[in-house]
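A.B. asks: Each chain is listed here by its residues.
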Amino acid sequence: MTFLNLCLLLPLAGFFLLLVIPRARENAIRIACLATSLISFVLSLGLAVSFDAAKSGFQFVTDSPWISSPPIRYHVGIDGLSLWLVLLATLLTPIAALISWRYIEKRVKEFYAFLLLMEFGLIGVFVSLDLILFYVFWEVSLVPMYFLIGVWGHERRIYAAVKFFLYTMAGSVLMLAAMIYLYTLSDTFDFTRLSALMAAGRISLRPAEELLLFLAFFLAFAIKVPLFPLHTWLPDAHVEAPTAGSVILASVMLKMGTYGLLRFCLPLFPSASRESAPWVVTLAIVGIIYGALVAMVQPNMKKLVAYSSVSHLGFVVLGIFSFTQLGLDGAVYQMLNHGVSTGALFMLVGYMYERRHSLEIADYGGVATPAPGLAAVFMITTLASIGLPMLNNFVGEFLVLQGAAQANFKWAVYAAIGVILSACYMLWLYQRAFFGEASETVRSHLRDLTPREWVAIAPLLILMVWMGTATRTFLPAISSANAQILEQTQHNVEFHVRSAPSTEVSVSALLGTETRTEADHAH
Amino acid sequence: MPTDFVPSAAELCRVLPEIILTLAGTVIMVLTPFSRNRGASRLGSFALAGLLASAVAAIAAQSNPGPAFQGMLMVDGFATFFRLLVIGVGVLTLLSSSHYLRREGVEPGEYYALLLFSVVGQCVMAASNELIIMFVGLEISSIASYILAGYLRDDRRANESALKYFLLGSFATAFLLYGVAWTYGLTGTTSLPEIRAALTGLESIRSELLVAAAAALMFVGFAFKISAWPFQIWAPDVYQGAPAPVAAFLSAGPKAAAFAILLRVFITAFDPISARWEPFVWLSALFTMIIGNFAALTQSNIKRLLAYSSIAHAGYVLVAVTAHSQLGTAAAMFYLASYALMNIGAFTVVTHFSRKGERYVDVQDLAGLGVRQPVTAALFSIFLLSLIGVPLTGGFFGKFYVFKAALDGGLVWLTVLGLLNSAVAAYYYLRIIVVMYMHEPGESTDTLPAPGTGLSIALWGSALGTLLLGVYPAVILDFADKSAKFLK
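Residue numbers (our numbering), protein chains in the order written: chain H, 1 to 523; chain D, 1 to 488.
Possibly wrong hints are sitting among the right ones.
Computed list of lysine to aspartate or glutamate pairs in DMTMM-like fashion (alpha-carbon distance at most 25 angstroms, straight line) [said to hold, decoys possible]: (1) H:Lys109 to D:Asp76; (2) D:Lys485 to D:Asp76; (3) D:Lys482 to H:Glu437; (4) H:Lys109 to D:Asp446; (5) D:Lys485 to H:Asp187.
From the derived model, a few chain H residues whose C-beta atoms are all more than 10 angstroms from chain D [as the list claims (entries may be wrong)]: (6) Arg157; (7) Ile289; (8) Val413; (9) Leu427.
It is worth saying that the hints were derived from the structure and are not from the lab.
Ideal placement from N, C-alpha and C gives every residue a C-beta, glycine not left out.
Using the sequences and the hints given, assemble the complete structure.
C.D. replies: As structure tokens, then:
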């Protein structure tokens, strides 16, 4: 039983524990959930401590059979990429439990049970090394989030929950088809075996085949990221979800998409990924700018933060598809940064909602007067979010832009517009909500942060500074994982037709006509 | 009298499940007039004992597999699988019926007897190796279920349901019989392996076309029983009008048995001309999925919704039939088993919820069930998530194996369209979950009594079964895979 298995299975055990605690004992339920998730977090810290960044490949591996035919294995393990995402999930679950302490009053038992089931699904997604196991966790994490939004959300919660579920489901069924198709070619669902077979050139996909498989995976991940123009479920889901739901959704769940791109799309379909990179990057840049512009005109705070997520995640995708070491490192770093700073923003907005029962920016103004602590924390988070040096987002954005510039300088220029815009909408939000004359309602309702709220947000504040200054804690592990992914994307790329412009290749690949002969030449 | 005309002990052993069920059913019929209120519940226990005994007999028969009665019946893994499946469906239906019958104030005796007879017919179908005995089994099963559909004889909708089922059903069986006659005329035999042998040597294209026509006629009969396009029209009306536990039974038992004979006939007998029938089954599978799922989107009556959903699920199984491989057969068997569990579970919740006279059968009536009866709602959610195909439920692996078999068979488009269909289906199942958990409780949920013992057992049994198949599908799949080999 490795640390990793304990870390994964503990939330599930907690879920079952919560199911048997009587409904009326609400505090026992809260404490049990918090305790389970805290132990899980401590265990995952153990993972981080004993993780060897110098070693390549996966660590803490467990590989045992689950289903014999077709062979589906319980194969889990982590590398520098998944390590930090697991930590993000284990860190934010106790925080989510803590911020819901007073906020969730109805159906407490179900809420906390779903929170733990959610954690189980999220950790599972990040550690699975078997395609079907990954798919299982991918879908399992969907169900609790659907309930979190639908039962404990705001007015339009049902619409948002159903939309969220259907979008993800529609994207992922094609991924399942692609996984089975890969199996018919390779006789394995095991990711490490698949990549080994690919590296050895034992599986060769025709370009048209590879493109379609890539698209099937890509669609599932792009919806989850979400990449423009597939992002429309996100503002609804975020706005309607309860605070804990928004935090988990933004901080951890969106990373499932970008993680999937890095873990599966790039290594499994290297040439298709490289060929479609210009298209994907275009969408990412459109997302960066569009998200920022839409965020600027939002009257609703949660919606503003939600659209800022679209913008931030655009950076991540840009970094991934720049195919440079710096870009990939920046993308992963930015995934973590976004988890920390946007999670904090959603928490703060949630704190404000609990006091004033409104998400409209116009209902606030002058909050800094009655709640200086809240204002200070919000300021730090805002500065982190807009990428002030010494705070976390700066590092990620800088690396992404540098990587993008290496790949194509224009990309970096366009993306940098997003950085400027993010400063505009965040500072403007801060100005409207916190400065100015405090109205009577604001003054009477907006108490300062309580100790429980301080405890919940403090870890994120510490991380903002830590990740902004001591990057050496995190980056070596990330870099070595990314170096390996990049190396994998070099396999089989001899199918590339270097002379032809990339657009033409993908068109002919779609038609499946000329490309086959070209592949034969390569042989 | 020739000696081989007298069945040997081994042969009798192979039909023991049917013998036990027939005897139990007959005894119940005889006892019914003598039993009053208290005796009635004993009849239920007796029927249950009969079903369990026949299940044991079916397992015992598997220890000595082989043909019986000059090869008319064939007891192999395939037969045992489906026998146990339909007996299991019978058990679950029985458990959820006893309370229902008391609630509606009708005589339970005949109901139990008819249920047992219907299961007998389905067991015969599962083991049939010959067209005539297959037809006999089908008729035994069908006639009993026609009566069951109209068992509430004072209820107008039940009458309509039974009449529609009977008229359309007999029409379809006539087609089937006509196809049987053609096949006999063309090949000179009704035994499935012999038909296969006769068709293997077939050379002239013309007679192959005639055989294909015979197969098409038989497919009409099968398609009706499994409610596949274009013969699915009856299902919503019949399921809506029939008593809820009977609807549960109809959607699982007769359907599974009909799939058993469909597989036997098309995989064993008509395999040599598979190139001829494959496109039609392909088309039928696709449209069955599409019509079932899209029609279900707009239903407000929960029985009708589940009826359309059961049409859609027949489409998924047909996808596996289209693949016509060992993998496909095993996938179809696995799917039918997991489908039986989740669908009976869902209908059992409806049985529990509908109250006397089936007053509450609207989706909207379930509002707030998650608050008033969290356990029932949670079990119902498990069934619905399984029907959607969410992992860790049997429904996921059902779909997984079906579409894997289809991709192995090169049916890429059917797989893609089928999977997209299953995403559409998520919408209407989710709607039920939405109503249960996210709407405020109304009058219909406030007055809901706690579920009775039998019903609870049926609910928990099917829920645990659904989860077991979702976590450890090998329990059934390995057996299905082994028995699928026997078909060729």
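A.B. asks: Are all C-beta atoms of chain D more than 10 angstroms from that of isoleucine 289 of chain H?
C.D. replies: Non-interface label stands for isoleucine 289 of chain H: nearest chain D Cβ at 31 angstroms, farther than 10 angstroms.
A.B. asks: Is the straight-line distance between the alpha-carbon of lysine 482 of chain D and that of glutamate 437 of chain H 25 angstroms or less?
C.D. replies: violated (78 angstroms)
A.B. asks: Within a Cα-Cα threshold of 25 angstroms, do lysine 485 of chain D and aspartate 187 of chain H meet the stated pairing?
C.D. replies: holds (21 angstroms)
A.B. asks: Taking C-beta pairs only, is arginine 157 of chain H more than 10 angstroms away from all of chain D?
C.D. replies: Incorrect as stated: the minimum Cβ-Cβ distance to chain D is 7 angstroms, not above 10 angstroms.
A.B. asks: Below or equal to 25 angstroms on CA atoms is what counts here, so check lysine 109 of chain H against aspartate 446 of chain D.
C.D. replies: holds (21 angstroms)
A.B. asks: Just double-check leucine 427 of chain H for me: nearest Cβ-Cβ distance to chain D has to come out over 10 angstroms.
C.D. replies: Holds, because the least Cβ-Cβ distance between leucine 427 of chain H and chain D comes to about 37 angstroms, which exceeds 10 angstroms.
A.B. asks: Decide if the proposed pair is consistent with the structure: lysine 109 of chain H and aspartate 76 of chain D, CA atoms, cutoff 25 angstroms inclusive.
C.D. replies: Not OK: lysine 109 of chain H and aspartate 76 of chain D at ~49 angstroms, beyond 25 angstroms, violated.
A.B. asks: Check whether the Cα positions of lysine 485 of chain D and aspartate 76 of chain D lie no farther apart than 25 angstroms.
C.D. replies: holds (10 angstroms)
A.B. asks: Test the statement that valine 413 of chain H is away from the interface with chain D: the closest C-beta pair must be farther apart than 10 angstroms.
C.D. replies: holds (39 angstroms)
Of the hints listed earlier, those the structure fails to meet are numbers 1, 3 and 6, in rising order.
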